[in-house]
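S.K.: Heads up: the sequence shown begins at 1 in the UniProt record's numbering, then just goes up one per residue.
Because the hints were derived from the structure by calculation, they are not lab data.
The beta carbon of each residue, even a glycine, is placed where N, CA and C say it ideally should be.
There could be a bad hint or two in this list.
The calculated lysine-lysine pairs, modelled on BS3-like cross-linking and capped at a C-alpha distance of 30 Å, are [to be verified]:
id : residue 1 : residue 2
1  : Lys287    : Lys327
2  : Lys147    : Lys287
3  : Lys147    : Lys327
4  : Lys374    : Lys315
5  : Lys320    : Lys287
6  : Lys374    : Lys320
7  : Lys374    : Lys327
8  : Lys139    : Lys315
9  : Lys327    : Lys315
10 : Lys287    : Lys315
Derived DEER-like restraints, expressed as beta-carbon distance ranges [stated by the list, open to error]:
id : residue 1 : residue 2 : range
11 : Gly293    : Asp443    : 28 to 34 Å
12 : Thr227    : Asp143    : 41 to 47 Å
13 : Glu77     : Val388    : 49 to 55 Å
14 : Arg52     : Arg303    : 21 to 27 Å
15 : Pro325    : Gln80     : 38 to 44 Å
16 : Asp221    : Lys315    : 41 to 47 Å
17 : Glu198    : Lys139    : 21 to 27 Å
18 : Gly91     : Pro423    : 27 to 33 Å
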Amino acid sequence: MSDRAENNAMSAQVAPLRVQRAPAPLRGDVVVPGDKSISHRALMLAAMAEGRSEISGLLEGEDVLRTASAMRALGAEIRQDGARWIVQGHGAQGLREPDDVLDMGNSGTAARLMAGILSTQPFNSFMTGDASLRARPMKRVTDPLQKNGACFVTRQGGRLPMAVVGTAQGTPIHYRLPVASAQVKSAILLAGLNAQGETRIDEPTPTRNHTENMLRYFGVDVTVRETESGGRLISLTGPARLHAQNVIVPGDPSSAAFPIVAALLIPGSDLLIRNVGLNPLRTGLFKSLQEMGAQLSIEDVRREGGERVGDLRVKASTLKAVDVPAKRAPSMIDEYPILSVACAFAEGTSRLRGLGELRVKESDRLNATLALLKANHVTARIDGDDLVIEGRPDGNGLGGGRVETLMDHRLAMSAIIFGLAAPNPIDVDDTGFINTSFPGFIDLMNERGAGL
């Protein structure tokens with residue numbers, strides 16, 4: 001992909017949309033975009049590896065294109081060849097000082113993981129992002145990373161733009177995560193690749209482990225030990241060498257969530273969603289939906305590129321309320337907005353527990369999800385860090401509101417699915433940011449009968 005095409009792809013245009021109830025059942029096979037978390041990490045690690053890597057199934061959304069652009073600015077050679085992305089890396093110690101500010105767009109994952117990489121490089125660098133990303137706090141990452149000798153200069157509140165003064169002699173970090181965060185854990189591990197000695201992380205609550213899996217796949221010795229309390233101790237020793245690998249990126253379970261819930265709520269629907277990642281630390285939504293009575297089955301389970309993969313069969317279902325425990329939140333943190341839509345059409349009162357992490361996503365996603373529901377006549381409230389939703393299985397009276405997406409792609413897609421199931425039309429203020437994670441989402445839904 002040329003720089004011009006990449007820049008065009010990353011220029012989101014405001015795109016309001018009125019959504020009406022789906023005119024027909026959703027039917028057929030669906031392939032969702034590649035997993036965003038794995039796509040970010042595949043590009044970063046391939047750029048820090050020695051040699052030529054090929055990546056297939058890469059998510060070509062705006063967030064991931066920002067990562068490609070940033071790693072190219074740091075010296076990696078990255079190009080697209082049809083469906084493959086070719087990355088020529090020069091080693092974890094072979095990155096160079098970028099000539100310009102690294103613009104991470106809307107991607108908090110890219111920015112936080114990049115902070116880890118840059119912290120143990122022997123040069124200075126600068127990062128910024130769009131208005132949404134510049135409003136999001138970075139201190140949860142920069143505070144532990146400063147322990148390795150790097151220096152971070154941010155705006156008030158630890159916000160972008162940010163200067164990173166890297167260190168050539170990084171001190172390994174020993175850190176206990178105060179809150180479950182795969183981004184913080186990953187940033188520390190990436191910093192540890194160039195630190196002098198053992199980096200060690202105490203993770204009281206397990207979070208998605210794509211970084212550990214992929215580091216091993218690229219030849220880094222990562223040790224993970226379970227603790228008696230159910231947590232994990234994770235360590236690696238630097239300086240580390242990464243060896244080029246070919247990577248197949250599975251479909252993103254967070255993206256699969258949207259056609260899944262649509263199929264559950266639209267009468268007569270029957271979808272087969274192929275090649276979805278089934279990492280057990282990412283499948284909390286599937287378990288929660290099955291607890292609600294969803295006809296959701298997993299077929300043809302296999303392993304690709306170190307990750308568990310399978311096909312999902314989903315059929316329209318009558319749902320009942322669910323009580324989702326807080327301990328499940330790390331395995332489905334991005335899926336709560338769309339789960340809340342399912343709960344709005346379920347019988348009974350659902351309680352989604354322990355959602356404090358949603359307050360620091362692309363938006364204050366917890367309050368924004370509540371606003372989405374209430375604007376469309378769902379009775380719901382926030383109780384501490386819990387979201388409580390009174391379902392209406394017949395859907396009568398639901399919809400009819402306007403949803404402010406706050407530049408949040410998951411809110412936009414959740415609102416669209418709500419509109420496809422509700423009897424009254426929904427106005428979505430902006431769907432342009434959907435391309436950050438799910439390029440072609442509206443076209444895909446229309447091909448299966450959504451009528452958007």
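S.K.: Indicate, hint by hint, whether the structure satisfies it.
M.R.: Comparing the hints with the structure gives:
At roughly 13 Å between alpha-carbon atoms, lysine 287 and lysine 327 fall within 30 Å of each other, so this suggested pair holds. Note on lysine 147 and lysine 287: the hinted pairing is violated, with a Cα-Cα distance of about 38 Å set against a maximum of 30 Å. Between lysine 147 and lysine 327, the direct Cα distance comes to roughly 29 Å. Compliance with the 30 Å bound is thereby established for this hinted pair. Straight-line distance between C-alpha atoms of lysine 374 and lysine 315 comes to about 27 Å, which keeps the hinted pair within the 30 Å bound.
Between lysine 320 and lysine 287 the CA atoms are separated by roughly 14 Å; this keeps the pair inside 30 Å, and the hint holds. Pair hint lysine 374 plus lysine 320 holds up; C-alpha atoms about 20 Å apart against a cutoff of 30 Å. About 26 Å separates the Cα atoms of lysine 374 and lysine 327, which keeps this hinted pair within 30 Å; it holds. Our distance criterion of 30 Å between C-alpha atoms is broken by lysine 139 and lysine 315, whose separation comes to about 43 Å.
For a cut-off of 30 Å, the pair hint linking lysine 327 to lysine 315 stands: about 28 Å separates their Cα positions. A threshold of 30 Å between alpha carbons decides the hint, and for lysine 287 with lysine 315 the separation of about 15 Å falls inside it, so the pair holds. For the pair glycine 293 and aspartate 443, the supplied restraint of 28 to 34 Å holds, since their beta-carbon distance comes to about 30 Å. For threonine 227 and aspartate 143, the Cβ-Cβ distance of about 23 Å falls outside the hinted range of 41 to 47 Å, so the restraint is violated.
Between glutamate 77 and valine 388 the beta carbons are some 51 Å apart, a value that agrees with the proposed interval 49 to 55 Å. Taking the beta carbon of each, arginine 52 and arginine 303 are about 24 Å apart, inside 21 to 27 Å as hinted. Between proline 325 and glutamine 80 the Cβ separation comes to about 42 Å, which falls inside the hinted range of 38 to 44 Å. Taken as a hint, the range 41 to 47 Å holds for the pair aspartate 221 and lysine 315, whose Cβ atoms sit roughly 44 Å apart.
Glutamate 198 and lysine 139 have their C-beta atoms about 25 Å apart, which keeps the hinted 21 to 27 Å range intact. Checking the proposed 27 to 33 Å range against glycine 91 and proline 423 shows it is violated: the Cβ atoms sit about 58 Å from each other.
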